[in-house]
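Taking the hints into account, I'd like the entire structure generated from these sequences.
As given, the protein sequences belong to chains A and B, one line each in that order.
Under our numbering, think of the first position of the first sequence as 2, with each following residue one higher.
Under our numbering, think of the first position of the second sequence as 425, with each following residue one higher.
There may be inaccurate statements among the hints.
Listed next, with one range per pair, are the computed distances between beta-carbon atoms [stated by the list, open to error]: (1) A:140 <-> B:522: 36 to 46 angstroms; (2) B:463 <-> A:324: 20 to 30 angstroms; (3) B:801 <-> A:156: 56 to 66 angstroms; (4) A:200 <-> B:754: 48 to 58 angstroms; (5) A:229 <-> B:754: 43 to 53 angstroms.
Cross-link-like lysine to aspartate or glutamate pairs, in silico, DMTMM-like; alpha carbons within 20 angstroms at most [said to hold, decoys possible]: (6) A:62 <-> B:519; (7) A:113 <-> B:662; (8) A:347 <-> B:676; (9) A:113 <-> B:676; (10) B:578 <-> A:137; (11) A:107 <-> B:676; (12) B:578 <-> A:173.
The hints are simulated quantities; they were obtained by calculation from the structure and are not laboratory data.
Every residue gets a Cβ at the ideal spot worked out from N, C-alpha and C, and that includes glycine.
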Amino acid sequence: MAIPLSYVARNLSTRWVTTLLTAGGLALVVFVFATVLMLDAGLRQTLVGTGEYDNVVAIRKGAGTEIQSGITRPQAALIESHPSVATGADGRPLASKETVVLIALKKAGAEKPSNVVIRGVSPAGFTLRPQVRVIEGRLFTPGSTEIVVGGAIARRFEGTRVGERLHFAQRDWTVVGAFDAGASGFDSEIWGDADQLMQAFRRIAYSSVIVKLGRVDDFERLRADVDADPRLTNEVKRERVFYSDQSKALSTFITVLGLTLTAVFSIGAMLGAMITMYASVSNRIGEIGTLRALGFRRGAVLGAFLVESLLLGLAGGVCGLGVASLMQFASFSTTNFQTFADLSFKFLLTPAIIGQTLLFSLAMGLLGGFLPALRAARLEIVDALRAA
Amino acid sequence: MFLLKLVVRNAFRHRLRTLLTVTGLAIAVLAFGLLRTVVDAWYAGAAAASSARLITRNAISLAFFLPASYESRIRAVEGVTRVARSTWFGGIYQEPKNFFPQFAVSPAYLDLYPEFIIPAEERAAWARDRKGALVGRQLAEQFGFKVGDVLPIKGSIYPGTWEFVVRGIFDGADSGTLTRHMLFHWDYLNETLRKKSPRRADFVGVFVVGIDQPDNAAAVSQRVDEVFRNSLAETLTETEQAFQLGFVAMSDQIIAAIRVVAYVVIVIILAVMANTMAMSARERTSEYATLKALGFGPGFLAALIFGESAALAAVGAAIGIAAGAPVAAFFKQAVGIFPIFEISSDTIALQVACAAVVALAAAVVPAVQAARVRIVEGLRSIA
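Written out as structure tokens, the structure reads:
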């Protein structure tokens, strides 16, 4: 027969100061654990969400990112005229020849500038990214020195409000609008006319060509043709794969650093739980003896103390998760090591993270409580009763 | 003397609990020290940078280059003593995870960096070999590079696989010098580009500018930028230190997060420690009442509890700080990306301060309670 849960729960509430302190320590560890996972999830969502499944990015072979890449005009023309590329309503191929450069802009209130991506797009560029919507002002007029800024840029950088002007590449560029790209990487970019930007920056080659496939499964055909063509020194990737590759280094860094930290912290918190549970056992030796004398088996005592420490872990887990869920309202920005550009993303709480976090907190409680519970279960009835 | 004896006896009465608390404290102090050191390592590049050197780069961003012809115009600026070219190569050695920086530099670069110590014959051998490369000591040790090795490096900015021959290994003048990078001839890069993609040739990533007086850095920077104002490639000149801090600033939110988390671990251990002290005090309520009945005042009881807390914290902190150096050395080996990873004296001072705060804060509530306990109630209480 099992010891009633109410007895177990009451033990925790009687020593509420100790319970609070122990659960508080656990909650802090859980908070760090959950925040790291949320940050990583947010980063992945931002970069994976940047890509459309049936879009394909062409860059120079080996370049890895658009910043390092270069595609000559003849190469771009060859790629956009490939039969697998879809045709738009105007009869032209759905392809955007883009020029991507970094400029240094100052964040509001910061001393040092951060690198921001400026992307020159062809008119089809907006059709290819249906998630991009104008939220303020209007789109730039093709062939003009007008630019539109992403939602994450407009709030944080100097001189990027609608109506203001930015000076770079010997010209003044007017900000005519702000766009929202559905929490994707484009939110951290500034867009303008590809040909204007190329001239201003004295570029002779595009950075990348983005095309929409006519049929989703035409990708292999396009890739085989690009690889086989000796005039093309390019490689093509599905847009989604292209952007998730760019999240790899930063994502690994955040996960490894964060999880190492959590592992170390969790040792501290588990020791705390262990101290509490040992005290809980040694304070109740008489009670344990009585329970055993009443007929409860060793297993029942073991179970009762394990449940007690699991409850302790769960309390910490729920508190930690509750505070961590508030982090969803915050956003985080840092330089992506691979593209060298500033990227802004949010903390994202997914059901999987909730599950992992609660499991983690229960595991901490279990590990912390196991040895003390074992000690309680192994007490001899006579000794225990005598100690009381 | 009696107080001290009582404190030590009390602290080690529950041996298991003391062991667990001290272990927790040691781990927390150690983790705190390592986290602070990670942040320091981030700033190592800026700390090693000289304020007597300037970096001139394209004002738009680092992704844009400057014409090589700017070199002689910069040299003509008043206050400039030397100018060297340096271009970021961004190549991959075998695998992307083996990242290390490679710079294509002109020979004057080595004169501008006296902290890179290289034997004269190795420098001469490098100068004679167009494909020659110099690698830093930290880099050579990490990958086992030796003089004469051929390094195939795949370019990400400059296509193709490039081969370099190690002609020398340079040491840092002191432990703060970063030597985890490779230098090779800018001329080799440029001549290859002239053949393969002539429109990319004759450009330089940044110019490293030596100046006569460090105090003149601001004035010389302005004069250099003035020369190129309204040209096709406007320049931005700043001290090397400011240039390096610019890189650190790009990751400032990550650094801020690590800083916050370093204090989170202290709060975690504070909770554990406070718990230990609260439990001990609670169990000893009747003892405190006895002591009071014997005539000891509340001050004595408070001193007893503070002393016990301080004793536990001192032992834990001592272990944590002592473990710092070997763990940091291991961490440096295991991670490999931080060329400099040593726990600074500031960090140790902070570790001590944190342990002291934890010891004090953990003992406040139990001490007040013990001081207030009424003799009759205390004698009656059971744990």
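Here is what the structure says about each hint:
Taking the beta carbon of each, residue 140 of chain A and residue 522 of chain B are about 44 angstroms apart, inside 36 to 46 angstroms as hinted. Judged by the Cβ atoms, the range 20 to 30 angstroms given for residue 463 of chain B and residue 324 of chain A holds: they are separated by roughly 24 angstroms. Taken as a hint, the range 56 to 66 angstroms holds for the pair residue 801 of chain B and residue 156 of chain A, whose Cβ atoms sit roughly 60 angstroms apart. Between residue 200 of chain A and residue 754 of chain B the beta carbons are some 54 angstroms apart, a value that agrees with the proposed interval 48 to 58 angstroms.
At about 50 angstroms, the beta-carbon gap between residue 229 of chain A and residue 754 of chain B stays in the expected band of 43 to 53 angstroms. With a C-alpha separation of about 16 angstroms, the suggested pair residue 62 of chain A and residue 519 of chain B falls inside the 20 angstroms cut-off, and the hint holds. Simply put, residue 113 of chain A and residue 662 of chain B have alpha-carbon atoms about 12 angstroms apart, close enough for the 20 angstroms limit, and the pair holds. Note on residue 347 of chain A and residue 676 of chain B: the hinted pairing holds, with a Cα-Cα distance of about 16 angstroms set against a maximum of 20 angstroms.
The straight-line distance between the Cα atoms of residue 113 of chain A and residue 676 of chain B is roughly 10 angstroms, inside the 20 angstroms bound, and the hint therefore holds. Between residue 578 of chain B and residue 137 of chain A the CA atoms are separated by roughly 44 angstroms; this puts the pair beyond 20 angstroms, and the hint is violated. Proposed proximity of residue 107 of chain A and residue 676 of chain B is supported: the alpha carbons are some 13 angstroms apart, at most 20 angstroms. The hinted pair formed by residue 578 of chain B and residue 173 of chain A fails the criterion: a straight-line CA distance of about 38 angstroms is larger than 20 angstroms.
In terms of the numbered hints stated before, the structure departs from hints 10 and 12, listed from lowest to highest.
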